[in-house]
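The lines below spell out each chain.
2 protein chains.
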Amino acid sequence: MSVTAPAGFEASGIARGLKSTGATDLALVVNRGPSSAAAAVFTSNRCKANPVLWSEQVILDGVVSAVILNSGGANCYTGAFGFQTTHATAEAVAETLGVSAGDVIVCSTGLIGVGDQTFRDKIVGGVPAVVESLSSDGGLDAALAIMTTDTKPKQAVASGSGWSIGGMAKGAGMLAPGLATMLVVITTDADLPSAALDAALRAATRVTFDRVDSDGCMSTNDTVTLMASGASKITPDVTEFTAALTALCLELSLQLQSDAEGASHDITIEVINAASESDAVTVARAVSRSNLFKAAIFGNDPNWGRVLAAVGTTDAEFDPYNIDVTINGIMICKAGEPFEDRELIDLTPRAAHVLIDLHIGSESAAIYTNDLTHDYVHENSAYAS
Amino acid sequence: MSVTAPAGFEASGIARGLKSTGATDLALVVNRGPSSAAAAVFTSNRCKANPVLWSEQVILDGVVSAVILNSGGANCYTGAFGFQTTHATAEAVAETLGVSAGDVIVCSTGLIGVGDQTFRDKIVGGVPAVVESLSSDGGLDAALAIMTTDTKPKQAVASGSGWSIGGMAKGAGMLAPGLATMLVVITTDADLPSAALDAALRAATRVTFDRVDSDGCMSTNDTVTLMASGASKITPDVTEFTAALTALCLELSLQLQSDAEGASHDITIEVINAASESDAVTVARAVSRSNLFKAAIFGNDPNWGRVLAAVGTTDAEFDPYNIDVTINGIMICKAGEPFEDRELIDLTPRAAHVLIDLHIGSESAAIYTNDLTHDYVHENSAYAS
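For the protein sequence lines, the chains are S and X, in the order given.
Numbered by the working numbering, the letters in the first sequence go through residues 1 to 385 in order.
Numbered by the working numbering, the letters in the second sequence go through residues 1 to 385 in order.
The shape of chain S in the complex, shown without the other chains (with noise of 0.2 Å):
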């Protein structure tokens, strides 16, 4: 259900030759009201994408009818036809439903560059059948339809007292976003003004997708909406919103990170007793961006002088001999000395879990990767062949 869980919202996924699969590649995400107050957040990469210049027009007055997202191109880099594309795309979604272009959302997917008169013709000429397709339990279809190298369709749903709110998402590789990831779709029915709601988007994406950071390069794409239908009549507590909010955002990302292209683990970073919640979060991006490290990792070897080497590029407050580093539960560094036998971690699970003890302050954060592996390295020497 995902996307089309909370009342209010209809979504379909059609097939319009963009993947050489066959597969569905276009999908639409509609808003029915009453409200249509909407917040979005973008990628940081500077060398945004046409649908993300776009998009970031569209959600200046909080106002989204709809979002529709392609895979099976970016519609990165391919010059002013590239942003035509998206501006007509909107114009075609609007036309069909009635509402106007500066309310419709552009999402793309695929290969950065891809963006010609074919690809054009194949998204606007499809918007009359992804409409016609529309559905009250289209969810999966949308969330089928926007998979790039993804395995699986990534959906998930959270509720309050009498409220509920919907996502999917697309991840896979390029998978470390600077603000927003990827490609995402939030619903909900709750009756929350577009200030509220984006406070809310903002204060989980900080904690949530900000923090995957599977491969250590950030999109050009990135993009996560968040409408509301208010068809619920409920206005929630603003807390209670966006507990239940960073839930599901935290639940969509554990599901980008275990299924990133060619990883063999999943592996929190957790960084504790930092000076600041600043330096936990760089020091923990720091090992997660170390290639060493995660190739250990996919190897099941607990190297520990790979995190500290990390550590020590960075310009968090430590003192580099009082650090402790635990890998699944045993202390194999304590106060930069080897401590517990390397043999009592067991690397075989795919989850892992390494902890830095800072030991200088009280802060802590957590970062999402993902080890360095030949199927990794095989993808993306392959992707564009």
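Do not rely on the hints blindly, as some may be mistaken.
For identical chains, the list gives no copy identity; a pair is met inside one copy or between any two copies.
In silico DSSO-like cross-links for lysine-lysine, where the CA-CA straight-line distance does not exceed 30 Å [claimed, not checked]:
1) K19 to K122
2) K152 to K122
3) K152 to K19
4) K122 to K334
5) K233 to K334
6) K334 to K19
7) K152 to K233
Because the hints were derived from the structure by calculation, they are not lab data.
Please arrange chain X on chain S, whose structure you already have, making use of the hints.
Just chain X, lined up with the frame of chain S:
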């Protein structure tokens, strides 16, 4: 010859069982004078190995009589015992040579966390033999003994009017130096004071070893030592000496790049027309650290979208829609749009060149990196086993 090419130096390399293969693993380079002026630069990693902590003190007075180097263990995060091992090593060398321990630089390379009593005994107990083996043509022996996963020794020589420079290096992995790189010893028979040597060494390493970024991982043990014997009795022009030293450091840097763990491409990322040299380095380094870009090059895929996605993560000055990307001579992206045909690009040679024109200024810089390969993952997932 390398470090024994200049007059006034002796070197040696012997096997002490630190490497499980039985290959040589303990090296010594001695300056017989008459001068003992020297300079050294070290890793900027804040988690420094014991030999770095020791050698940073040694270099303070600008005098170095000898450098002793071991492979088979980094002596990093080995506690107070590890520092005492470094100290005992320097004392043993000093006593045997009849010099001051405070003039002996110690370098170690290998796994972090390795440095127990056996490790100490093998090194300290080997000092008499490594001194006994000293020879005025022992440069190759020393270069061989410092290899870890290197497949070949790295040596270079340069010369001026009546004076010469020789150098050796080891690299292979954890190869993204912050100030120096891995272990390098450079010798010269020029007669220059330590202040001049220091200025020349910093100028040379800034644009050579500092621009090698094979795998984005900064070592805890990087050390580059430059010793001058003055045996030629010639004091060269400092500009001329710095140019020769820079050429030698570049030659060693490219040897490091071409023997990086598992690599199948040597990639030069050149950024031109940047607003500042610092911006050019930042942009080139961001591209050199994109796993997606590096995996694409492994697959002979000129994936320029991944180049721009990496550029977009930086804070350098640029207009995202006025960047050209040229790969192996073919301008595949011009002003943010596809330009020449990707089929024209031949990425089968080992040497690859990526030229990024920012069109915003007149500064430039290059970073020397490698691709991300199955062999890199394999070698680094099995390293400790």
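Earlier hints that do not hold, by number: 5, 7
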